[in-house]
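The task is simple: from the sequences and hints, build the whole structure.
Spelled out, the chains give:
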Amino acid sequence: MSEPLLRVEAVSKRFGGLLAVDAASLVVEAGGITGLIGPNGAGKTTLFTLVSGFEKPTTGRILFKGRDVGALAPHERAALGVARTFQIVQPFAGLSVRENIAVGAHLRHPRRDDALGKAEAVAERVGLADRLDAPASGLTVVGRKRLELARALATEPELLLLDEVLAGLNPSEVRDIVPIIRDLRHSGVTILMVEHVMQAVMSLCDTVYVLAQGRMIAEGPPAAVTRDPAVIEAYLGHGAAARLAAREAAHG
Amino acid sequence: MTGPVNTSPRTSLLAAYGPILAVALVLALLPLATTANTVLNAMVLALLIALAGQGWNILGGYGGQFSFGHAVFFGTGAYAVALLQSRLGLNAYLAFGAAVAIGAAVGAAIGFLSFRSGLRGSYFALVTLAFAEVFRIVANASPWTGGASGALIKLDMRPENFQFASRATFFWIALALVTAALVATRMMERSRFGAYLVAIRENEDAAKALGVNTFRVKLQAITASAAVTAAAGAFYAQYFLFVDANIAFGTWISVEALLVPIVGGLGTVFGPLIGALALHGLAEATKALAGRLPGADLALYGALLVLAIAFAPNGVQGLFNRLKGGFSTRRAA
Ligand SMILES: Nc1ncnc2c1ncn2[C@@H]1O[C@H](COP(=O)(O)OP(=O)(O)OP(=O)(O)O)[C@@H](O)[C@H]1O
Ligand SMILES: [Mg+2]
Chain A
1 MSEPLLRVEA
11 VSKRFGGLLA
21 VDAASLVVEA
31 GGITGLIGPN
41 GAGKTTLFTL
51 VSGFEKPTTG
61 RILFKGRDVG
71 ALAPHERAAL
81 GVARTFQIVQ
91 PFAGLSVREN
101 IAVGAHLRHP
111 RRDDALGKAE
121 AVAERVGLAD
131 RLDAPASGLT
141 VVGRKRLELA
151 RALATEPELL
161 LLDEVLAGLN
171 PSEVRDIVPI
181 IRDLRHSGVT
191 ILMVEHVMQA
201 VMSLCDTVYV
211 LAQGRMIAEG
221 PPAAVTRDPA
231 VIEAYLGHGA
241 AARLAAREAA
251 HG
Chain B
1 MTGPVNTSPR
11 TSLLAAYGPI
21 LAVALVLALL
31 PLATTANTVL
41 NAMVLALLIA
51 LAGQGWNILG
61 GYGGQFSFGH
71 AVFFGTGAYA
81 VALLQSRLGL
91 NAYLAFGAAV
101 AIGAAVGAAI
111 GFLSFRSGLR
121 GSYFALVTLA
131 FAEVFRIVAN
141 ASPWTGGASG
151 ALIKLDMRPE
161 NFQFASRATF
171 FWIALALVTA
181 ALVATRMMER
191 SRFGAYLVAI
201 RENEDAAKAL
211 GVNTFRVKLQ
221 AITASAAVTA
231 AAGAFYAQYF
241 LFVDANIAFG
251 TWISVEALLV
261 PIVGGLGTVF
271 GPLIGALALH
281 GLAEATKALA
291 GRLPGADLAL
301 YGALLVLAIA
311 FAPNGVQGLF
321 NRLKGGFSTR
331 RAA
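Sequence lines, in order, name chains A and B. Its first residue numbered 1, the first sequence is counted upward by one per residue in the working numbering. Its first residue numbered 1, the second sequence is counted upward by one per residue in the working numbering.
By construction, these hints were calculated from the structure, which means they are not laboratory data. Some hints here could point you the wrong way.
Stated by the list, open to error - Using C-beta positions, here's what the derived DEER-type ranges look like: (1) B:Phe311 / A:Pro171: 39 to 47 Å; (2) A:Ala73 / B:Ser122: 51 to 59 Å; (3) B:Tyr123 / A:Ala245: 55 to 63 Å; (4) A:Asp130 / B:Gly118: 33 to 41 Å; (5) A:Gly188 / B:Val306: 55 to 63 Å; (6) A:Asp176 / B:Ala184: 39 to 47 Å; (7) B:Ala184 / A:Arg215: 41 to 49 Å; (8) A:Asp130 / B:Trp252: 33 to 41 Å; (9) A:Ala73 / B:Val306: 35 to 43 Å.
Bear in mind the structure is a predicted one, so any value in this text is a computation, not a measurement. Quick reminder that beta carbons are idealized off the backbone N, C-alpha and C, glycines included.
Written out as structure tokens, the structure is:
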């Protein structure tokens, strides 16, 4: 088997007394969509900050294309092909949509005209083509999510880390964004996504990892993972899996 | 803070540089309208302040890194040009070039220390202020810089010494420097470096995630910023043939350097020049009107600053655009 695109090996992150990520491992195969789910505060975003280089792991290794990237700064990982979006969107508020995306495009396109051209192409892809000259601060919630996605895409990543891009969207907006993500995968971008919208996780992901209290408690195809008693307990509390099973038996 | 949205994306060369050329040509005619030395003197000073502000604007206006101590670069340029001539006997033009380079080096050193240790916002501002104060105290005490009595450049009025009998000549040289800085700023705006610098101002983490080496970009910005402000300082010393610690490293120039872009338009090409002309035009007018009322011009500065921040957060230019209707954020598609 060939080397996976991303390999996270027994990574831990300690914030003072809190072990936010506890010896978590995961593997992202090239070309697919891998999901990362878990209850609030499980450490999903923290794991993303470790993979993207914003924080350094306390212990453990992060390998991108077989190379240990643990010591690299965020901009160096971006140059290697790792892009992330932020759970709390981080637009360049004073700039237009076009200029926002062009900053990302500049990574592979030093010339301004090329970067602006690339920005327009990316805007088209995520459905922002008609908002190119709008100030980023004037975008709606879904517009900001699209912009977050567009900027990351403009860096032409091999691995795209999406942190809850669907959070806060209404069902019809979710239906608009899901095909965009599916389309990205078909164009060859590998995706690791944190998501609470289960319907999207089920329809998009090949493999899902479940993080709870910093620990990786399950992995597998989405349908199997959501039936895993350990996962149900992590979300609904201790004994929940047994109660559910009992109820199903009673009604079944 | 947010600056105004920059000019539209694919402006032609004419649209980008035409206005700079036009402004330079109009200003170049001013000395023909007057031969009064006091007026020429005021105009040279206004241009000098504009130049110092243009330097500040690169780092503060575009990069969002507010310095309270640009006097450190102004003073370095001023002392360097004076001492290199008086102590080392260097030719005035060489000394001028060297002064700019030394100013840039001081900028790089301060930038390295501050940005490496992750200083931002008011911490960065205070550190620059501290550097300016340290330089002022050292220059005031060291015998090599002439101590409290300052440093003189020997009067020898010949063009090859960068000394001219006519103030108009100095005016044109100052204008050439300001114009060069206008062009350089416009080029920066239209470059990847400029886009990265503005991205850092708007959101440093987002910039990092998109592959921006924020440390390097900030370091380059403070180096360029220091070079331009050092050029203003070197010109100042060459113009008056004298410099002392309180002039060169004094708070007045740190304040002027940040005031003119804020009043004229932060993070815009013409902001510092507009601010300098507006402030110094008004200062001259109050002097003429209020006569010798002490502190009248300072009071006016204070009032203007308050007004600018309250009513024209994007400076005089922003105010004009707003009066023209619309925020002009989408001037062209
Ligand atoms: N920089 C930090 N300093 C201290 N504690 C932190 C820091 N970042 C995260 N934490 C803590 O680490 C834990 C994991 O947080 P994280 O944001 O990774 O969770 P998450 O799985 O993304 O949750 P959510 O689904 O709510 O986004 C939380 O208890 C959080 O308070
Ligand atoms: Mg999170």
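Results of checking the hints against the structure:
no. : hint                            : result
1   : B:Phe311 / A:Pro171: 39 to 47 Å : 45 Å, holds
2   : A:Ala73 / B:Ser122: 51 to 59 Å  : 25 Å, violated
3   : B:Tyr123 / A:Ala245: 55 to 63 Å : 57 Å, holds
4   : A:Asp130 / B:Gly118: 33 to 41 Å : 39 Å, holds
5   : A:Gly188 / B:Val306: 55 to 63 Å : 56 Å, holds
6   : A:Asp176 / B:Ala184: 39 to 47 Å : 44 Å, holds
7   : B:Ala184 / A:Arg215: 41 to 49 Å : 55 Å, violated
8   : A:Asp130 / B:Trp252: 33 to 41 Å : 50 Å, violated
9   : A:Ala73 / B:Val306: 35 to 43 Å  : 41 Å, holds
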